[in-house]
Amino acid sequence: MEIKLRYYGQLQEATGKSEEIISKHFSTIGQLNDYLMKSYPKLENHNYKIAQNNIIESYNNPLIGNRIDLLPPFSGG
Amino acid sequence: MEIKLRYYGQLQEATGKSEEIISKHFSTIGQLNDYLMKSYPKLENHNYKIAQNNIIESYNNPLIGNRIDLLPPFSGG
Amino acid sequence: MNKKIKNIFVEGPITPSSIAKSIENHQTKSMIGAHNIFLGQVRADIIGKKKIIAIEYSAQIEISNQLCHEIREAAFLKYDLTCMHIYHSIGKVKAGEICFFVFVSSSHRSPVFQSLEKIVNEIKDRLPIFGKEIFDDKTYQWKVNN
Amino acid sequence: MNKKIKNIFVEGPITPSSIAKSIENHQTKSMIGAHNIFLGQVRADIIGKKKIIAIEYSAQIEISNQLCHEIREAAFLKYDLTCMHIYHSIGKVKAGEICFFVFVSSSHRSPVFQSLEKIVNEIKDRLPIFGKEIFDDKTYQWKVNN
Numbered sequence: 001m002e003i004k005l006r007y008y009g010q011l012q013e014a015t016g017k018s019e020e021i022i023s024k025h026f027s028t029i030g031q032l033n034d035y036l037m038k039s040y041p042k043l044e045n046h047n048y049k050i051a052q053n054n055i056i057e058s059y060n061n062p063l064i065g066n067r068i069d070l071l072p073p074f075s076g077g
Numbered sequence: 001m002e003i004k005l006r007y008y009g010q011l012q013e014a015t016g017k018s019e020e021i022i023s024k025h026f027s028t029i030g031q032l033n034d035y036l037m038k039s040y041p042k043l044e045n046h047n048y049k050i051a052q053n054n055i056i057e058s059y060n061n062p063l064i065g066n067r068i069d070l071l072p073p074f075s076g077g
Numbered sequence: 001m002n003k004k005i006k007n008i009f010v011e012g013p014i015t016p017s018s019i020a021k022s023i024e025n026h027q028t029k030s031m032i033g034a035h036n037i038f039l040g041q042v043r044a045d046i047i048g049k050k051k052i053i054a055i056e057y058s059a060q061i062e063i064s065n066q067l068c069h070e071i072r073e074a075a076f077l078k079y080d081l082t083c084m085h086i087y088h089s090i091g092k093v094k095a096g097e098i099c100f101f102v103f104v105s106s107s108h109r110s111p112v113f114q115s116l117e118k119i120v121n122e123i124k125d126r127l128p129i130f131g132k133e134i135f136d137d138k139t140y141q142w143k144v145n146n
Numbered sequence: 001m002n003k004k005i006k007n008i009f010v011e012g013p014i015t016p017s018s019i020a021k022s023i024e025n026h027q028t029k030s031m032i033g034a035h036n037i038f039l040g041q042v043r044a045d046i047i048g049k050k051k052i053i054a055i056e057y058s059a060q061i062e063i064s065n066q067l068c069h070e071i072r073e074a075a076f077l078k079y080d081l082t083c084m085h086i087y088h089s090i091g092k093v094k095a096g097e098i099c100f101f102v103f104v105s106s107s108h109r110s111p112v113f114q115s116l117e118k119i120v121n122e123i124k125d126r127l128p129i130f131g132k133e134i135f136d137d138k139t140y141q142w143k144v145n146n
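Residue numbers (the working numbering), protein chains in the order written: chain P, 1 to 77; chain A, 1 to 77; chain S, 1 to 146; chain B, 1 to 146.
None of these hints come from the bench; they were simulated from the model. By construction, the Cβ of each residue, glycine as well, lies at the ideal position given by its N, Cα and C atoms. Treat the hints with care, since some could be wrong.
[Unchecked claim] Taking lysine-lysine pairs in the DSBU-like style, the calculated list, with each CA pair at most 30 Å apart, reads: (1) Lys138/B x Lys94/B; (2) Lys78/B x Lys49/P; (3) Lys4/B x Lys49/P; (4) Lys94/S x Lys49/A; (5) Lys17/P x Lys124/B; (6) Lys94/S x Lys138/S; (7) Lys6/B x Lys49/P; (8) Lys78/B x Lys118/S; (9) Lys4/P x Lys132/B; (10) Lys138/B x Lys29/S; (11) Lys4/P x Lys124/B.
[Stated by the list, open to error] Here are the simulated distance ranges between beta carbons: (12) Glu70/S x Gly16/P: 17 to 25 Å; (13) Val144/S x Asn145/B: 39 to 47 Å; (14) Ser18/B x Asn47/A: 42 to 50 Å; (15) Pro41/P x Ala74/B: 38 to 46 Å; (16) Asn25/S x Glu73/B: 29 to 37 Å; (17) Ile56/A x Thr139/B: 57 to 65 Å.
[Said to hold, decoys possible] Here are some chain S residues pointing at chain B (derived, C-beta under 8 Å): (18) Glu24; (19) Ala34; (20) Ala95; (21) Ser107; (22) Arg109; (23) Glu117; (24) Val120.
Kindly generate the complete structure, drawing on both the sequences and the hints.
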């Protein structure tokens, strides 16, 4: 399954990219996150939320979407 | 003693004038008010505050100023 | 507390362009992070079969400006505000036009939210300003604040 | 609740003249009696020896607009509001310029005061918007909301 990953704000520096497409299978958002933490060890120094198909999800939720966004702390306004 | 009286808002209708100068002596604001109520019976139907030399005063205060304003309920904003 | 007493009254409505000008004047004050603006607009209330088309404001100008000065100085003492601007119309303001403008600024948002409503309410409660509501049939009634 | 989701983002700063235009657009709505406007302005904070000269905003646009829509609809249900307008900058906004605009209107003043701070806080807390603070020496840091 193809997953489009987008990295926002300071996470673009932690990963060295703004987006990428990976072809892998994960049962949960948390499993995907474990994979990303291994791929980009600098992510460990960051807080972020993960959105799946434009909805912010918890790590226990099943991974069913194909668009995943990593969102660092919000600082609008 | 000359007292300049000014009437604001609907009190101009109750008294039929916007200002006048009277030459009389009153010890307190309240005494002046009694006199005005007699002169303009329609004032009885109105709530108002009395200011003396640009300060809103209570009826017990001595009348020492020469500028008196009758102020109906405030409705700014 | 020896600041000069400002005149809050402007003849006729407060225009959107004058509000824009006031906002623009704050863009050089680079320590400001938050503005909060209250605008009072004349409502075309319908009472029975009559509609309000304008309010004609009068005021005891000296007392109003003095009390507004006190309200302003007390707010500066109580809240961490950078700027405060207050204007009220005198004379005729048509329905839909703006008659009252209170503008507070601070480095952060809490002080502007904490202060603005209180300043607005104090001005409405304490300043001797009188509104004559003009109906579309040329009759009128005196405005009552609730 | 089937209203169209609005795009709150504007490229670059929110100008005083666009704010004036927005105020002016409400002058035909003659049942409005009170407006309350919040403006967020980029502060030239000094950190160490460096000064912030701009913030560059980015956002997850779709999520931000969707959540803002929910915040807006919930506020309309909870408060007696006539109008609500929300804009946030995307891209570069210089110190002193306005990056955030929330405008609520009602027939009376209580609903605008009750609602505005909550709407502003919810937007700041919930919308995935990211501010990159640019210093005068061209270094930067990521903005943290407190």
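Original post:
Which of the stated hints cannot be reconciled with the structure, identified by number in ascending sequence?
Top reply: Violated: hint 12 alone.
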